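Visitor: One line per chain: the protein sequences are A and B, in this order.
The numbering used here applies: residue 1 is where the first sequence begins, and numbers increase by one.
The numbering used here applies: residue 1 is where the second sequence begins, and numbers increase by one.
Keep in mind the hints are simulated off the structure, nothing from the lab.
Check before you lean on any hint, since a few could be wrong.
Derived lysine-lysine pairs resembling DSS-like cross-links, with alpha carbons at most 27 angstroms apart [what the hints assert, rightly or not]:
#, chain 1, residue 1, chain 2, residue 2
1, A, Lys106, B, Lys208
2, B, Lys208, A, Lys111
3, A, Lys73, B, Lys226
4, B, Lys208, A, Lys107
5, B, Lys295, B, Lys329
6, B, Lys55, A, Lys106
7, A, Lys111, B, Lys327
8, B, Lys295, A, Lys111
9, A, Lys107, B, Lys295
10, A, Lys52, B, Lys224
11, B, Lys208, A, Lys33
12, B, Lys226, A, Lys68
A few chain A residues that don't get close to chain B, going by computed Cβ distances all over 10 angstroms [claimed, not checked]:
#, residue
13, Ser49
14, Asp51
15, Pro59
16, Pro78
17, Ser102
All values reported here derive from a predicted model rather than from experimental measurement.
Beta carbons: idealized from backbone N, C-alpha and C, even for Gly.
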Amino acid sequence: MKKGDWILIIAVILISGVMFVISLTGFLESGEKTVYKVQQGNQIIYSSSEDKELFVPVPDGEIHLLLKNGTVKIISSPCSEQFCVRQGVSSRSIVCLPEQLSVVVKKVQEKTDAISY
Amino acid sequence: MCFQNFNKTIGLFCAVIVLFIGGCGKLPDYSETAFLMDTVVTVKAVCQNETEANKAVRSALDRMKLVADISDRFNDGGEGSLYRLNKHSGQGYVVEKDLFNIISYVKSQGKSQFDCTLAPVTDLWQKKLVLKQLPVSSEINNALRYCGQDKVKITSDMKVVLNKGTTLDLGGIAKGYGVDVAYDVLMEQKVNSALINAGGNVRVLGKKSDGQNWRIGVQSPTDKDKLLTVINLPEGKSVATSGDYQRYTEINGVRYHHLLNPSDGYPGRFNRSATVVAATAMEADYYSTVFFLMKADEAIKLAEKKCLDILIVTADGQQKCSCNWHKLKVQKL
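Starting from the given sequences, assemble the full structure and let the hints guide the process.
Guide: Written as structure tokens, this is what we have:
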């Protein structure tokens with residue numbers, strides 16, 4: 001091979017290496033984006049990245065929740081234990097078990113696949 | 001000559017790009033969430049074929065639902081269920097195979113801080129805490145009379161005999177068993193990469209589509225929005241956490257949570273949380289409760305003896321772990 005060939009091969013390897021490093025750092029992906037997913041029972045009620053105030057009808061009344069700036073807060077719930085309301089603002093998830101409602105705030109590009117709690 | 005070099009370059013460049021894209025391309029994942037066993041369960045399968053993935057995920061959840069029904073002590077799950085077993089307290093009762101497997105596992109572990117006969121004490125606490133009251137010691141001692149692993153006997157014909165007045169609560173272990181059966185279903189359906197998450201009790205199948213281990217965050221017991229650490233969960237393994245911060249009631253500034261010490265019937269006070277990595281979800285579930293209720297140093301000794309990895313946050317906020325825990329930690333996020 002000629003000198004030019006070697007230069008080309010090295011150039012290609014260098015470019016590939018740079019692209020590989022870039023992919024590892026996640027630089028190619030866009031900035032962090034939030035997606036809210038609200039599910040009641042087995043039904044998804046809301047799945048969007050838009051902030052929203054929701055009133056979800058449940059058997060005992062309605063759950064009032066606020067999805068804002070990548071966080072969720074259950075403002076009121078007719079459940080007896082009120083664990084969900086007492087959780088306050090969460091940037092990950094809130095569940096109201098008696099009313100079978102879950103709200104998950106998923107950060108796209110999150111560095112974990114699940115949380116153990 | 002220049003033209004020849006140009007062709008070679010383009011060819012080589014395209015080959016590298018194709019390899020790069022092919023190697024880094026992620027397979028799509030399909031997930032479904034359901035409310036089972038008093039928690040939120042998500043099964044995620046990574047697969048090229050959407051129909052097969054959806055079928056596998058659905059089958060896994062259906063299988064978990066069966067375990068949820070037979071291990072529910074409050075609702076009648078039919079013949080051979082826990083509800084009916086508890087109704088037959090004082091007599092022998094033939095239970096479903098899944099239920100028998102769970103009870104046999106608990107029995108096989110011998111006497112420990114995990115006691116599935118604590119239902120009378122748990123019910124007493126719940127009844128009182130709803131009214132913002134505390135049970136008095138005589139009430140607790142009275143309920144404890146019906147508790148103890150020695151009050152449960154199993155026979156080879158899947159019969160379980162409970163002493164009169166003794167009832168079982170499998171809330172601290174059935175979830176783990178459910179995750180394991182879902183895992184088995186996914187294996188049978190030839191899924192190579194999956195994650196099952198039942199309220200923080202997680203088990204993973206294979207690695208992610210990018211060849212990396214699944215990464216699991218461990219929630220801080222003091223701030224629900226923060227992680228203590230992130231671990232690489234090895235293929236096939238499970239992680240579970242028991243803590244005092246999920247289900248509790250505060251009375252006069254004191255937190256009363258649901259993890260009761262079988263020796264005195266009061267909530268465990270040594271630790272804030274215990275996270276266990278084990279070979280199966282049932283084992284992780286069981287031992288996260290056991291270790292939560294033990295003094296941290298004793299828990300770590302026992303964990304190392306049993307080849308389990310644990311991370312404990314003590315009541316005063318110290319983090320203590322088994323010697324191999326650091327090998328699981330993701331060094332750089």
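Visitor: A separate judgement is required for each hint: does it hold in the structure or not?
Guide: These are the hints, each one checked on the structure:
1. A:Lys106 - B:Lys208: Distance of about 18 angstroms is within 27 angstroms: holds.
2. B:Lys208 - A:Lys111: holds (13 angstroms)
3. A:Lys73 - B:Lys226: holds (17 angstroms)
4. B:Lys208 - A:Lys107: Distance ~18 angstroms between B:Lys208 and A:Lys107 Cα, so the pair holds.
5. B:Lys295 - B:Lys329: holds (23 angstroms)
6. B:Lys55 - A:Lys106: Since the Cα atoms of B:Lys55 and A:Lys106 sit roughly 24 angstroms apart, the hinted pair holds (cutoff 27 angstroms).
7. A:Lys111 - B:Lys327: Distance of about 18 angstroms is within 27 angstroms: holds.
8. B:Lys295 - A:Lys111: violated (32 angstroms)
9. A:Lys107 - B:Lys295: Distance ~36 angstroms between A:Lys107 and B:Lys295 Cα, so the pair is violated.
10. A:Lys52 - B:Lys224: holds (22 angstroms)
11. B:Lys208 - A:Lys33: At roughly 21 angstroms apart (the allowed maximum being 27 angstroms), A:Lys33 and B:Lys208 satisfy the hint.
12. B:Lys226 - A:Lys68: holds (18 angstroms)
13. Ser49: Nearest chain B Cβ is 18 angstroms from A:Ser49, so the label holds.
14. Asp51: The claim stands: A:Asp51 keeps its Cβ more than 10 angstroms from every Cβ of chain B (closest is about 18 angstroms).
15. Pro59: holds (13 angstroms)
16. Pro78: Holds, because the least Cβ-Cβ distance between A:Pro78 and chain B comes to about 16 angstroms, which exceeds 10 angstroms.
17. Ser102: violated (5 angstroms)
Going down the numbered hints, you'll see the structure goes against 8, 9, 17, while the others check out.
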